[in-house]
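Asks: Read off the chains here:
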Amino acid sequence: MKFTCTQENLLRGISQTAPIAGRNSQLPILANVLLHTQQNTLVLTSTDLEIGVRTVVGGKMGEEGSCAISAKKLFEYVQQLPKTHPITIEKKERTVIVSTKGFTAQFSSADPEEYPLLPEKSATDGITISSTVLCEAIASTLFAATREETRPEIRSVILSWRDGGLHVAATDSFRLAEYTALTPSVREVSVLLPLSSAQEVARLFAQVGDVTVTPHENYVSFESSHIEVTSRLVDGVYPKYEDIIPTTHTTEVRINRDEFSRALKTISVFLPRDSKRVSLSIRPSEGELTARVGGGENGEGEVRCEIEGTGDDIDVLMNVQYLLEGIAHIAGDVCEGYFSGKHEPVVFRRHSKEDAYVYVVMPIQV
Amino acid sequence: MKDDQIWKVVLDQLELRVSRSNFLTWFRNTSITDRADGMVTIETKNPFAHVWLSKKYRSLILETLQGVDTTIADVKFSVPSQTTAQRVVKKNVRIVAQKNQPLPTTDNQQPSTPTRIGRGAGASSSSIPLNAKYTFDTFVVGTSNEIAHAACRAVANRPGEAYNPLFIYGGVGLGKTHLLQAVGNAILDANPSFTVMYVASEKFANEFVESLQEQTTQQFKKRYRNVDVLIIDDVQFFAGKDKTQEELFYTFNSLYGQNKQLILSSDRPPSAIPTLQERLSSRLAAGMIADIKKPDYETRLAILQEKRDLRGVPIDQDVLVFIAKNVQSNVRDLEGAFNQVAGHSEFHNEKVTIEQTKRILKDTLTKPQRKTINVQEIIDAISSYYNISHTDLCGKSRKKEIVRPRQVAMYLLRKESSMSFPSIGEHFSGRDHTTAMHACEKIEKLIEQDEELSQEVLFLRERIYA
Chain Z
1 MKFTCTQENL LRGISQTAPI AGRNSQLPIL ANVLLHTQQN TLVLTSTDLE IGVRTVVGGK
61 MGEEGSCAIS AKKLFEYVQQ LPKTHPITIE KKERTVIVST KGFTAQFSSA DPEEYPLLPE
121 KSATDGITIS STVLCEAIAS TLFAATREET RPEIRSVILS WRDGGLHVAA TDSFRLAEYT
181 ALTPSVREVS VLLPLSSAQE VARLFAQVGD VTVTPHENYV SFESSHIEVT SRLVDGVYPK
241 YEDIIPTTHT TEVRINRDEF SRALKTISVF LPRDSKRVSL SIRPSEGELT ARVGGGENGE
301 GEVRCEIEGT GDDIDVLMNV QYLLEGIAHI AGDVCEGYFS GKHEPVVFRR HSKEDAYVYV
361 VMPIQV
Chain B
1 MKDDQIWKVV LDQLELRVSR SNFLTWFRNT SITDRADGMV TIETKNPFAH VWLSKKYRSL
61 ILETLQGVDT TIADVKFSVP SQTTAQRVVK KNVRIVAQKN QPLPTTDNQQ PSTPTRIGRG
121 AGASSSSIPL NAKYTFDTFV VGTSNEIAHA ACRAVANRPG EAYNPLFIYG GVGLGKTHLL
181 QAVGNAILDA NPSFTVMYVA SEKFANEFVE SLQEQTTQQF KKRYRNVDVL IIDDVQFFAG
241 KDKTQEELFY TFNSLYGQNK QLILSSDRPP SAIPTLQERL SSRLAAGMIA DIKKPDYETR
301 LAILQEKRDL RGVPIDQDVL VFIAKNVQSN VRDLEGAFNQ VAGHSEFHNE KVTIEQTKRI
361 LKDTLTKPQR KTINVQEIID AISSYYNISH TDLCGKSRKK EIVRPRQVAM YLLRKESSMS
421 FPSIGEHFSG RDHTTAMHAC EKIEKLIEQD EELSQEVLFL RERIYA
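In the order they appear, the protein sequences are chains Z and B. Residue 79 in full-length UniProt numbering sits at position 79 of the first sequence, and the numbers go up by one each step. Residue 91 in full-length UniProt numbering sits at position 91 of the second sequence, and the numbers go up by one each step.
Heads up, a few of these hints could be off.
To be verified - Straight-line distance between alpha carbons at most 25 Å, and here's what the computed SDA-like set of lysine to any residue pairs gives:
#1 B:K45 - Z:P215
#2 B:K55 - Z:G22
#3 B:K221 - Z:P194
#4 B:K55 - Z:E50
#5 B:K76 - Z:L49
#6 B:K222 - Z:P194
#7 B:K222 - Z:D235
#8 Z:K342 - Z:D274
#9 B:K56 - Z:T150
#10 B:K45 - Z:S160
#11 B:K243 - Z:L49
#12 B:K307 - B:I360
#13 B:K45 - Z:P194
#14 B:K56 - Z:Q26
#15 B:K56 - Z:T146
#16 Z:K240 - B:R58
#17 B:K55 - Z:P215
#18 B:K243 - Z:E50
#19 B:K56 - Z:E149
#20 B:K56 - Z:R23
#21 B:K133 - B:A302
#22 B:K241 - Z:P28
#23 B:K222 - Z:R23
#24 B:K221 - Z:D274
#25 B:K222 - Z:K60
#26 B:K56 - Z:P28
#27 B:K221 - Z:L324
#28 Z:K121 - B:P80
#29 B:K221 - Z:L49
#30 B:K45 - Z:T150
#31 Z:K121 - B:R58
#32 Z:K240 - B:Q218
#33 Z:K121 - B:K45
#34 B:K45 - Z:G126
#35 Z:K92 - Z:Q79
#36 B:K222 - Z:E148
#37 B:K241 - B:K133
#38 B:K55 - Z:T150
#39 B:K56 - Z:G126
#40 Z:K60 - Z:R12
Treat the hints as calculated values from the structure; they're not laboratory data.
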């Protein structure tokens, strides 16, 4: 096996695959990245048996072949190499020599035949979507997914194509974020993507053009021109979250997003240790929203924001972190809040021509 | 044979032929789902494993299957597709939906440790057998157990923070269970909302096996990973149960990662439990290890006084002193002797004198403390413990691996059967009596210095008298 390419291309390939390698410590070979040369390309593969990543690097091929070498070492080494000269990868028996002008390194290769294979494709009819939309959808909901390992069905992000759009949602059962991209979909299909895979998809497909999502019988693949990600699906059923989103409200407000966010951050200073509790007093008739933290050893604070709104006066206790995380993902200047009482879920919404965003969060009960 | 029996036999054979990491990675959660006309369908949960099994292990699996059942002609592999998966988990869906409709209205002020709804239900279903009579107040502290007691107190005051995990070890009847339960009770008193799970290791293992059989491992995992305090008694019984150890290991990591308190007990330190996987034993030893030794005379007396006050029986101090002096083995025997005397006193409604005590406890005290042990039993115990044949043990070889066990054997023969030195020497290929004397002295000295050896000898003694 022999292959030559630029440092930048090689580094891109390795940095896409290396983070997956080594996650599964049960099988030692998975700490390696599999390199394979074919038709003037170098294919890098890594997997932790939950997700598999395959990426293609262009260059000049000398000889076809494959090897499996330590992902971490290769990444750290190539990262340091100069960009000025091409890098050559050459396999001699069980050692792999990676060299460029002035630098030579020998890696020992594991048996590439022992490297796990990625699942074979069993379906061909994928859905093509712009990577910007896909990544935006995942990135703006991912934060709401639970981190609890005991609840795998919601330690995930659900992607479902239905009703003429792509709905992406995540919840930890205290709050829910849903992003809807109004792109026409050919068919109805839904994919329950594990949290870790969702993170990788959002990381790997940022700005790569179009992505084709193909749900297979028991796994899903994401493909762009250079990268292919294969992920296991979550074994479970996502709760019917549509029913949780309230459709009625008693109070409706519009508030400047930056101002609201600054107000919340300001009063967070006074939060007692381990508490995230902020009380909001909404007075639509006076055009005012007051966020208050009080009563602790840290002193107390109060910030007023101007609002436009209609409906009843409402006082609610909210988790400030949940609020901040939610409104951070509401793009635009203005965020719309819908309240229905101190025990009812609070809804934040944003609409535009192309997409919609809903964030539902439960108030704190005392 | 049934499908699952066949598959178990096949797995047992495959385990020998592929490396351990490969076996665990690829063959875990596999099962035979269908067998008809010589075609066997093997199901795996992971699509990655599906490819690997069908590409790499197909012929090996087929060959092994045919070795078990000659009617099998071919094998194919499957992964449950989404639709079948949904059928299987349907039962869970209902619960999930309830939990999330509407978003739970519990206190969500602390996202780091959100109060999960349904926790209360989880706690009650697991029925914690904590015995309210075991509290710190009724635990008598002496020099033999003060460290263990202090560590438990600290843990009870600051669960998950003070010492995690806490590992208590000591011989039978010295109060391990009392201390563990006292911690559980104290934590529950201070934080009624906490879920405290107390479980004997045997129960943990049985439930795990049951969950494997009934395919309810998820519920099993949920039950043990959703607690605030997990107390496991007598972990030495995990020795040799690899799968259970693995499960304990994951449970351990999951709880430890969430700063949940773990408390474990055993009759010996983690490093001395045979066949405990190293990664598990090192984790068990990572927090605080405290031992409970046999109570000294003062402690024994204090225990008896405590018992007397608790029971409200008028028993003279002299009588208690007599019992404390004569019953030395462990707290449980001490309690037994006390109960006999107290029972007599209550029944006859009179104060018990020393003379009467002697009579009452005659059987207990004069009962030969140990059954007589013959030479063969000791030799058997040693050769099986160290895995050395009789001929080697009693033979002429002076290899290091054999010499130490042989010396231990001589020491135990001398101590436990009071054989004379010359006849001990005689037994080991006619060695000189000075050889036997040297062995006894040497082991006696080493036991003082070498904790591991002392544990070995203790363990051997227990085996001999078991």
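Asks: If a hint holds in the structure, say so; if it does not, say that too.
Replies: Quick rundown of the hints versus the structure:
1. Pair hint K45 (chain B) plus P215 (chain Z) holds up; C-alpha atoms about 17 Å apart against a cutoff of 25 Å.
2. Straight-line distance between C-alpha atoms of K55 (chain B) and G22 (chain Z) comes to about 23 Å, which keeps the hinted pair within the 25 Å bound.
3. Taken as a hint, the K221 (chain B) and P194 (chain Z) pair is honoured in the structure, with Cα atoms around 19 Å apart against an allowance of 25 Å.
4. For the proposed pair K55 (chain B) and E50 (chain Z), the alpha carbon gap of about 18 Å is at most 25 Å, so the pair holds.
5. Restraint check for K76 (chain B) and L49 (chain Z): satisfied, since their Cα atoms lie roughly 21 Å apart, inside the 25 Å limit.
6. With a C-alpha separation of about 18 Å, the suggested pairing of K222 (chain B) with P194 (chain Z) holds against the 25 Å cut-off.
7. For the suggested pair K222 (chain B) and D235 (chain Z), the alpha carbons sit about 15 Å apart, so the restraint of at most 25 Å is met.
8. Restraint check: the Cα-Cα separation between K342 (chain Z) and D274 (chain Z) comes to about 22 Å, which is no more than 25 Å; the hinted pair holds.
9. With a CA separation close to 32 Å, the supplied pair K56 (chain B) and T150 (chain Z) exceeds the 25 Å bound.
10. A C-alpha spacing of about 23 Å is found between K45 (chain B) and S160 (chain Z), which places the hinted pair at or below 25 Å, so the restraint holds.
11. With a CA separation close to 21 Å, the supplied pair K243 (chain B) and L49 (chain Z) stays within the 25 Å bound.
12. Only pairs whose Cα atoms come within 25 Å are accepted, and K307 (chain B) paired with I360 (chain B) is accepted, the gap being roughly 18 Å.
13. Only pairs whose Cα atoms come within 25 Å are accepted, and K45 (chain B) paired with P194 (chain Z) is accepted, the gap being roughly 15 Å.
14. Under the criterion of a C-alpha separation no larger than 25 Å, the hint pairing K56 (chain B) with Q26 (chain Z) is consistent with the structure, at around 18 Å.
15. A distance of roughly 36 Å separates the Cα atoms of K56 (chain B) and T146 (chain Z); the hinted pair therefore is violated under the 25 Å criterion.
16. Distance check on the hinted pair: K240 (chain Z) and R58 (chain B) sit about 40 Å apart at the alpha-carbon level, beyond 25 Å; violated.
17. About 22 Å separates the Cα atoms of K55 (chain B) and P215 (chain Z), which keeps this hinted pair within 25 Å; it holds.
18. About 22 Å separates the Cα atoms of K243 (chain B) and E50 (chain Z), which keeps this hinted pair within 25 Å; it holds.
19. Restraint check for K56 (chain B) and E149 (chain Z): not satisfied, since their Cα atoms lie roughly 31 Å apart, outside the 25 Å limit.
20. For the given pair, K56 (chain B) sits about 23 Å from R23 (chain Z) by alpha-carbon distance, which is consistent with the 25 Å threshold.
21. At roughly 18 Å between alpha-carbon atoms, K133 (chain B) and A302 (chain B) fall within 25 Å of each other, so this suggested pair holds.
22. Distance hint between K241 (chain B) and P28 (chain Z) is fulfilled; the C-alpha atoms sit about 24 Å from each other, no more than 25 Å.
23. Between K222 (chain B) and R23 (chain Z), the direct Cα distance comes to roughly 23 Å. Compliance with the 25 Å bound is thereby established for this hinted pair.
24. The straight-line distance between the Cα atoms of K221 (chain B) and D274 (chain Z) is roughly 28 Å, outside the 25 Å bound, and the hint therefore fails.
25. A threshold of 25 Å between alpha carbons decides the hint, and for K222 (chain B) with K60 (chain Z) the separation of about 52 Å lies outside it, so the pair is violated.
26. The hinted pair formed by K56 (chain B) and P28 (chain Z) meets the criterion: a straight-line CA distance of about 17 Å does not exceed 25 Å.
27. Proposed proximity of K221 (chain B) and L324 (chain Z) is contradicted: the alpha carbons are some 33 Å apart, above 25 Å.
28. Proximity of K121 (chain Z) to P80 (chain B) is assessed by CA-CA distance (about 16 Å); at most 25 Å being required, the pair is judged to hold.
29. For the given pair, K221 (chain B) sits about 21 Å from L49 (chain Z) by alpha-carbon distance, which is consistent with the 25 Å threshold.
30. As the CA atoms of K45 (chain B) and T150 (chain Z) are separated by approximately 18 Å, the hinted pair is consistent with the 25 Å bound.
31. Between K121 (chain Z) and R58 (chain B), the direct Cα distance comes to roughly 19 Å. Compliance with the 25 Å bound is thereby established for this hinted pair.
32. With a C-alpha separation of about 21 Å, the suggested pairing of K240 (chain Z) with Q218 (chain B) holds against the 25 Å cut-off.
33. A distance of roughly 17 Å separates the Cα atoms of K121 (chain Z) and K45 (chain B); the hinted pair therefore holds under the 25 Å criterion.
34. A distance of roughly 23 Å separates the Cα atoms of K45 (chain B) and G126 (chain Z); the hinted pair therefore holds under the 25 Å criterion.
35. A C-alpha spacing of about 23 Å is found between K92 (chain Z) and Q79 (chain Z), which places the hinted pair at or below 25 Å, so the restraint holds.
36. A threshold of 25 Å between alpha carbons decides the hint, and for K222 (chain B) with E148 (chain Z) the separation of about 11 Å falls inside it, so the pair holds.
37. As the CA atoms of K241 (chain B) and K133 (chain B) are separated by approximately 32 Å, the hinted pair breaks the 25 Å bound.
38. Between K55 (chain B) and T150 (chain Z) the CA atoms are separated by roughly 32 Å; this puts the pair beyond 25 Å, and the hint is violated.
39. Among the hinted pairs, K56 (chain B) with G126 (chain Z) is inconsistent with the structure: their alpha-carbon atoms are about 29 Å apart, more than 25 Å.
40. Distance restraint check for K60 (chain Z) and R12 (chain Z): the Cα-Cα separation of roughly 16 Å lies within the 25 Å cut-off, and the hinted pair is therefore satisfied.
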